[in-house]
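Enquirer: Please work from the sequences and hints to get the whole structure.
Number of protein chains: 2
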Amino acid sequence: MFEEHCVLQSMRFPQKLWRIVNECQTGAIRWSANGDTVLLDYKKFQTEYLDARRPIFKTSNITSFIRQLNLYGFRKVTSHNRDPVCNSYNPHVHEFLHENFRADRTDLLFKVCRKTGGKSKCLQQEITRSAEEGPRLQTNCVSRLKLCQVHLPNTSYKPKEFLF
Amino acid sequence: MFEEHCVLQSMRFPQKLWRIVNECQTGAIRWSANGDTVLLDYKKFQTEYLDARRPIFKTSNITSFIRQLNLYGFRKVTSHNRDPVCNSYNPHVHEFLHENFRADRTDLLFKVCRKTGGKSKCLQQEITRSAEEGPRLQTNCVSRLKLCQVHLPNTSYKPKEFLF
DNA sequence: GGTTCTAGAACC
DNA sequence: GGTTCTAGAACC
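So the sequence lines, in the order shown, correspond to chains H and Y.
Numbered according to full-length UniProt numbering, the first sequence spans residues 1 to 164.
Numbered according to full-length UniProt numbering, the second sequence spans residues 1 to 164.
Some hints here could point you the wrong way.
Just some of the chain Y residues that point at chain H, by a computed CB distance under 10 Å [as the list claims (entries may be wrong)]:
(1) Y42
(2) K43
(3) Q46
(4) A52
(5) I56
(6) S60
(7) L69
(8) N70
(9) P84
(10) N87
(11) S88
(12) H92
20 Å max Cα-Cα, derived DMTMM-like pairs, lysine to aspartate or glutamate [said to hold, decoys possible]:
(13) Y/K43 to H/D51
(14) Y/K16 to Y/E95
(15) Y/K44 to H/E48
(16) H/K44 to Y/E48
(17) Y/K44 to H/E4
Everything labelled a hint here was simulated from the structure, so no lab data went into it.
No experiment lies behind these values; they were computed from the predicted model shown.
C-beta atoms are modelled at their ideal positions from N, C-alpha and C, and glycine is treated no differently.
Expert: Rendered as structure tokens:
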């Protein structure tokens with residue numbers, strides 16, 4: 001278990017995040033029902049994963065963690081197409097989307113990389129983004145509508161297996 | 001007490017903040033030992049003053065609260081001239097400085113105003129800042145050195161009277 | 001005027 | 001590559 005913790009610490013941000021989303025059992029961080037976005041409970045996440053006494057990330061600051069998400073291209077999901085878990089009863093839960101950060105898709109994970117000031121190393125990501133954006137979002141909206149009809153509290157995507 | 005709460009809600013940010021710094025008894029927010037900066041315990045402050053069930057500010061988000069501080073010209077105090085309370089034993093305590101936000105100086109409070117994109121309404125503040133900056137900081141460093149020698153835990157400036 | 005999301009820049 | 005502080009911009 002101690003060794004496990006050391007492995008986590010040494011990983012890069014996207015890999016570390018993917019691992020944590022899959023292993024967390026408390027709802028601090030989890031996949032949305034579709035498995036294509038991440039649901040983050042700021043309050044729980046701070047307590048469980050940003051505790052300075054047990055450092056997993058180098059910061060204990062939720063703001064710095066959000067900055068990392070943005071630097072890696074995650075975007076907040078707002079407005080009508082949020083996961084139904086993000087409602088007024090769960091004010092601390094926020095949803096983040098990255099085209100290439102999805103449950104069961106470790107094959108895409110290499111495309112999640114840090115945005116740099118100048119030219120990005122994630123060339124492939126840039127190229128494919130515009131082509132995928134349109135249809136994906138459409139599909140997402142339809143499935144979200146269905147979800148809203150049948151949603152039960154705490155329904156969220158359960159990963160089938162851990163690939164790391 | 002309920003009425004009191006309504007009054008707080010209707011105040012502008014600097015006045016509201018000044019009031020809270022003076023009335024808070026828990027250490028969530030308080031004056032530094034000198035009374036010229038504000039010590040903010042993110043964790044306690046979130047619980048006590050950003051609770052969505054008892055809204056004082058319109059946000060329950062500590063990040064938005066910090067954005068307000070910055071918009072009004074508060075700056076984080078970093079490096080060696082921090083108040084001794086801001087140490088590794090108090091990881092949630094952060095210190096903020098505004099030239100015109102000080103204990104017992106309500107006469108300066110009108111100069112604490114929102115930075116706008118273009119021209120600021122706080123013309124007087126702009127003019128006096130450069131003249132005051134040098135000597136004030138020097139004095140501050142000396143007194144901080146003394147404080148470091150004699151510092152006792154939880155020592156902080158106690159306001160003499162509430163002027164609102 | 002207040003809130004939110006994201007990014008710039010400097011630093012480690 | 002990660003962290004921190006601050007600001008831009010859009011929105012309410």
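Enquirer: Does each hint hold? Answer for all of them.
Expert: Results of checking the hints against the structure:
Using the Cβ-Cβ criterion of 10 Å, the hint placing Y/Y42 at the interface with chain H is satisfied: the shortest such distance is roughly 8 Å. For Y/K43, the interface hint holds, since its Cβ comes within 10 Å of a Cβ in chain H; the closest pair sits about 8 Å apart. For Y/Q46, the suggested interface contact is upheld, since its CB lies about 8 Å from the closest CB of chain H, less than 10 Å. Checking Y/A52 against chain H: minimum C-beta separation of about 6 Å stays under 10 Å; hint holds.
With its C-beta approaching chain H no nearer than about 16 Å, Y/I56 sits outside the 10 Å limit, and its interface hint is violated. At about 6 Å, the closest approach between the beta carbon of Y/S60 and any beta carbon in chain H falls short of 10 Å, and the interface hint on this residue holds. Proximity of Y/L69 to chain H is violated relative to the hint, the smallest CB-CB distance being about 13 Å (cut-off 10 Å). Residue-level restraint check for Y/N70 is violated (minimum Cβ-Cβ distance to chain H is 12 Å; threshold 10 Å).
A hinted interface residue such as Y/P84 counts as satisfied when its beta carbon comes closer than 10 Å to some beta carbon of chain H; here the least separation is about 19 Å, so the hint is violated. Taking 10 Å as the C-beta contact cut-off toward chain H, the hint placing Y/N87 at the interface is violated, the least distance being around 13 Å. Here the hint on Y/S88 is kept, as its CB sits about 9 Å from the closest CB of chain H, short of 10 Å. The beta carbon of Y/H92 comes within 9 Å of a beta carbon in chain H, closer than 10 Å, and the hint placing it at the interface holds.
Taking the CA atoms of Y/K43 and H/D51, the gap is near 12 Å; set against the 20 Å cutoff, the hint holds. With a C-alpha separation of about 18 Å, the suggested pairing of Y/K16 with Y/E95 holds against the 20 Å cut-off. Between Y/K44 and H/E48 the alpha-carbon distance is near 17 Å, which keeps this suggested pair within the 20 Å criterion. Distance restraint check for H/K44 and Y/E48: the Cα-Cα separation of roughly 17 Å lies within the 20 Å cut-off, and the hinted pair is therefore satisfied.
This hinted pair does not check out: Y/K44 and H/E4 have alpha carbons roughly 32 Å apart, beyond 20 Å.
Checked against the numbered hints above, the structure violates hints 5, 7, 8, 9, 10 and 17; every other hint is satisfied.
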